[in-house]
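Chemist: Sequence:
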Amino acid sequence: MNLLRHTARQRPTHPSSITSEVPNYLPRMDSRATGRGNSSDVLSHRGGSTVVPRGSIGHREYHPMDEVEEGTHPPMDSRGQSDAVSQIDCVTCELREDLEHEIGRRLDLLGNVNRLSSGREKYRAEYAFSQLANERETAFSPRRADGSSSGYISAS
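For reference, each letter of the sequence shown is one residue, going 1 to 156 in full-length UniProt numbering.
Among these hints, one or two may not hold up.
[To be verified] Derived Cβ-Cβ restraints for the label pairs, each shown as a range:
#1 L109 to G80: 40 to 46 angstroms
#2 L95 to N134: 54 to 60 angstroms
#3 Q87 to Y127: 57 to 63 angstroms
#4 N112 to S78: 48 to 54 angstroms
#5 S78 to R105: 37 to 43 angstroms
#6 D83 to Y123: 36 to 42 angstroms
Don't read these hints as lab results, they were simulated from the structure.
Ideal Cβ positions, reconstructed from N, Cα and C, are used throughout, including at glycine.
Assemble the whole structure, with the sequences as input and the hints as a guide.
Modeler: Here you go:
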């Protein structure tokens, strides 16, 4: 069961130049009941382990080492080529969705940082004004004959 990706993807909330270039794809629907979704094919390309039934698009036949070393491959029929192209299209689509998701996530995080920074600046300004007001109050408060502004006598 593939547990690496079970979160439903959401479209970015901020417009970006990339989203206008990328065609609209339906959001990915991973199912917790089956543990499978569109991401099962992509994980095998990213180093993840997936179980692929024999005869499916993602299944790779065993090639003897001498064929692999020589770079010779058995000839691929037109159906095999169209299956390979279809699989590449699916992976490309999924990578575009991942990119859109990451761009939206980064824009959201950037918005949070900017919002928190502006709030922090506001609190700093309020603190500085309150400190200034406190200094003014103590500077203009009536002083005692000994020069102290408090009711305590200094030990000097």
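Chemist: Starting from the hint list further up, note which numbers the structure goes against and sort them upward.
Modeler: 6
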